[in-house]
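> Chains as they are written, first to last, in this note's numbering: chain Y, 3 to 469; chain L, 1312 to 2057.
Calculated from the structure, these hints are not laboratory results. In this text the structure is predicted, and so the values were computed from the model without any measurement. Keep in mind that the hints are not guaranteed to be accurate.
[Unchecked claim] Selected chain L positions facing chain Y (in silico; Cβ < 8 Å):
id, residue
1, Gly1397
2, Tyr1398
3, Ala1423
4, Arg1486
5, Phe1501
6, Leu1504
7, Lys1839
8, Tyr1890
9, Gln1897
The beta carbon of each residue, even a glycine, is placed where N, CA and C say it ideally should be.
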Amino acid sequence: MERIRESYRKNRIQFYMIVAAAVFVSLPLCTDFVNTGRDLAASLAKIRAVGAGLFHVFPLRLGPLPKTTYGYSLSVFSADVFYLFPGLLYRLGLGLQSVYKITLVCANLLTAFIAYRAFWGITEERDAAMASTVLYVWCPCRIYSIYGAGNLNEVFAWSVLPVAVWGSIRLFVQKKRDTAVLLTVGYTLLLLAWPVYFFGAAGMFVLFFLLTLRDNLTKQTLAVIVKFALAFIGVNAWYLIPMMLRMRDAGAVAPLLTEHIREYAVYLTQYVKIFAFGGDRVNVWERGLTAAEAVDPGIVVIAAVTFYLCSVFVDRQREKAIDRILIVAGILMVLSSNLVPWDMLQNKNMLFSIVLAMLQTPAKLAVPADVLLISAMGLVLSRSGRLRGWMVCLGGFLTVQFQIGRLLTIRGFLRGEQLDELSQVGYHVIEAESLFWRAAEGLSAVTVIGFLVYWCFFRHRGYEYEK
Amino acid sequence: MKNKLTALAGIKTKLLLAAEGLLLVMMIAGAIWGKTGMMYSWPSMEQAETEALRLSRGTYRLGLQYEYAGESFNPGSVEILVEEGGYRSVFTNGIPIYAGTTENSLEFTVAAKEAVVRIAAEREETLRFTAVELVRTKGAYLKGICFVLFFSLVVDLLVLAKSYQDKFGLSDKVRAVCIVIPFVTALASFPSLTDYQIMGADMIFHLMRVEALKHAILSGELHVRMQSLWLAGHGYANSFFYGDTLLFFPAALRVLGFTADFSFRVFILMINLLTACIAYYSFAKMFADHRIGLLACVLYTLAPYRIYNCYNRSAMGEFAAMSFLPLLIYGFYRIYMSDAKEKNYRWSFLIPVIGFSGVIQSHMLSCEMAGIFTVILCLILWKKTFRKEVFIQLFCVVVGTVLINLWYIVPCLDLMSADAYYFAHNANVYIQDRGVYLWQIFYTLQAAGSSSRYPETGFTDAEPINMGIAILAGVTVLVVCLCRHRKREQAERVRYAGIAVLLLLLLALGMSTSVFPWNFLSAHGLNKLIGPIQFPTRFTGIVSVLGVTAGCIGLYMLDVYKREMLFGIAAVSVLFALYQTNDIAQVSDGLIKIYDGNGLGTTAILGAEYLPEGADVNHMTWHAPVASGEVSFFDYVKDGLQVEASVQTGREGFIDFPMLYYKGYSAYCIDSGEKLVVGPGENYDVRVLLPAGFQGKVHVGYTGMWYWRIAELVSVLTGVGLALLYFRDLSGLRKPDTRLKKKTEK
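So that you can see chain Y by itself, here it is in the shape it has in the complex (with noise of 0.2 Å):
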């Protein structure tokens, strides 16, 4: 209690600025209905069904539609463990509506709240910590995932996207070698939350081991990962087991495949957009960035970004840290735009079919790319002695309010008794398990215990930071 207490004291205007970031970016939420978003309707289906089935099963799994198969709500491609929170809820009694908002506002406070540790671990500094952590709360392409998609999924993944992070940049760029536990909790928390997200972490997660082979090849650094990959199969094995074992199935990959995965790419142009119009289009074949999604990380963080690259060409200041952290997330931004022909690996053969459908579109990838841009600044910010982090917030809160804006005036909108007719896709819970399936459970079950062992009597030592 009284490390908690000392933690808060040391950490107050942090804490009220970050909380400050999370209900600002909520206010969208004070109203009396609910914006229309693309994967809306799953979404609450997801929460209906998850609620109904709570207490039945366990694990819990979502199954197929009877009829349609909505692709990439499978449970079997998507945990779902992260909506036991609002499935709980709505099993108490709470409306639809009601329910969406709560878990909105909780994921926005939980989201703020791990990403501030998280960059506190990155940047090592409070001050940037606070700083990075706000744009990454107010960062457009996470607000077009709560307000502009409407998908749950995405929203629960940007909270825990941070640590898989940290964890990557912790080993590969700050060489610090107890990360194994870091990583293992980060990406299992990811792939529990978005498996798509999860994916585009792990490729990001090899371009750095890729990047820094020179200095990574060693002994201590692949006993981490080997750690860290042994932990992350024993506990996920529950899911991925199953997953593996659907994914031989050509036509259950199927529904995940978009036609033409290139369209679905962005323009890298889109990463210098400062204005988010609120627009939903993810398809730039035919109307090009007319009514594009967001993708970008937000215009304060693409010029704190210039500005390090500004300084390293006029006044030589540069930083290995950084310039690592950029180069990985400049080859994932171009891994998501349309540069790249990504439809050489469509309709080839079910190796690649299954990698387009683990990332659905690349312009998944951005995301983890502006997670990376906005460690890269919260790095900035930490080294420059002329940026402040009430600058950058003061910035970032300029162009958020637009983007919010635009997106109450222009979007549709729904309230209570429509929503519980958009939430009416009728998902069902899986019952019947085949033997595979327990087996795999049994051996998360076994790992988690193992892990919740070493961690209570081998491991007393924490992240430390203090500056």
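Chain Y is fixed; fit chain L onto it per the hints.
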């Protein structure tokens, strides 16, 4: 310098150069020995679609020959259907088939490794394809060579700059310029950094201009400047009235095989870069301060009216002409404000000459407006104007501009005086209601907008025809500085310049509004001068450049917070310009992807301004010559605007050839060398009068007038002469001025 370059060359540089060389050799080898030639051919095409064709990456030309005996103007069309490939796999548009033609071609690019396509035709029953050929061309390799050369150049320059910086260090000024100019160019080009073009009002016309120029280059008719691609092969004198010089760049890209869309976007990028460079150069030189030069570069390149001209109106002529306006400001500033005893003063006239030449070659109306303001400037500063040194410089500006552009001015005026054209109708149009509201001067939100028809739509969704908040802030700084002026000898000259610029700016602002009595002036004899302006809003271009000048003068005069104000105004400019470009990119709904110019048609001539009165575009179709009674012709061949036919007459008669008549056509008998009389015929077709009992082969073609060639020669000699004299003077080869020395000795 040689030593420095030698010092920069390391092993990595050599490896880079070797890699670039290897890539280039591969591309050249591909162009020479690559897989090209006939891929498929069909003697006829009866069905609506061909079988599926599997094509590998490359550029292709689909050649079509056909026969049609029906009445329709457009009896069919042909397109490439992509069966397997998807986004960015095949770049293609359909092409129309026109009655009166017997062949056409369609170029397309397969960008994917492989694509499955079908050739599909939609047609009337009587349209019969007699031959269809699909040929693989060398276009892809040529494009590859261009890309390798371009990227090698960029990479080499970066490497060189980095090596130079590491070894010798770059000055702050150079580093700032290296950052700001590309940054501003990219910002202004934001909506073009995609794979499509936003459809502005005049877009098709300018695309057509590029296509016509490309066609002229390839068909060898460039020198006559009458392009045959327009109006169903009739030709159109667009080049005589509307300068094409800057369009040679996109036309050259088209010749090399780049798509129309890509070439046009590169053109926009190029103009933005040119504007940024010219604005920086002009204002940095003017104030001998690179920071003010950079501020002007930001303010002017991101001026809302420039961006509006580019994307909303696609007024490429005006957009390009605006690039040169800062040179006029710098030139006249130098003429009026510099010390006449300075050594280089005598060459001051060169800068406005280059500026005016650029404006004339881009947009005649902008030149008219710039000319009006130059005259007003001379009148405001009348005391200085009639000083000997200044007057000589001003005289040189006029003479130099006229002589260098004589090749353009003489044919233009000659054609204007020879015939009446539709643009003369503009003189009868009252333009006042197309001006902006007075309060719009202070309206600062740079939204994309879609309307400038204020009488009809009021201010709803209005386009950003204003100077913008950043320039307005700069002007405010100048006003404050002038009001709080403390006498300092250093700033005295600048103060006068500030007052003059402010007066001109107020006038330009007034002229751009609907308050200015345009209609009154038109009704009292100035209609021929005012009518062609069409929209008073065009004066916003002049407002922009004068506003930037005013802002720069204000900042130059500022004693306190100069640096902060400079950065603040630049930041505001960037932010608001980003809002405008973001809005254009995300809200504008009209996208266009034109790959092959053949799909553009031939009649995109806007208001038919340069069409002779009496000619009707609707009657311009591909048709055979029309002969009067007792005149017969055979062996008729038409190649562009050159026609040959064997003719026989009984009594006097004529033949109307399917070409639009302008002054400059000539006809003669090939056998006897006898010259024949040419004039306008039915619907302004070229009519050749033939004497009774004539028999022989007739050649008709557009050659222009002999004195146009003299004008061209004078322009070349003036240009070369001025350049030689200037560089001779610059390099100090001229003999030292002994008179001055003698005076000093005395």
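> Look at each hint and say if it fits the structure.
Now the hints, each set against the structure:
{"no.": "1", "hint": "Gly1397", "in the structure": "holds, 3 Å"}
{"no.": "2", "hint": "Tyr1398", "in the structure": "holds, 4 Å"}
{"no.": "3", "hint": "Ala1423", "in the structure": "holds, 7 Å"}
{"no.": "4", "hint": "Arg1486", "in the structure": "holds, 5 Å"}
{"no.": "5", "hint": "Phe1501", "in the structure": "holds, 6 Å"}
{"no.": "6", "hint": "Leu1504", "in the structure": "holds, 4 Å"}
{"no.": "7", "hint": "Lys1839", "in the structure": "violated, 42 Å"}
{"no.": "8", "hint": "Tyr1890", "in the structure": "holds, 5 Å"}
{"no.": "9", "hint": "Gln1897", "in the structure": "holds, 4 Å"}
Consistency note: the structure conflicts with earlier hint 7 alone.
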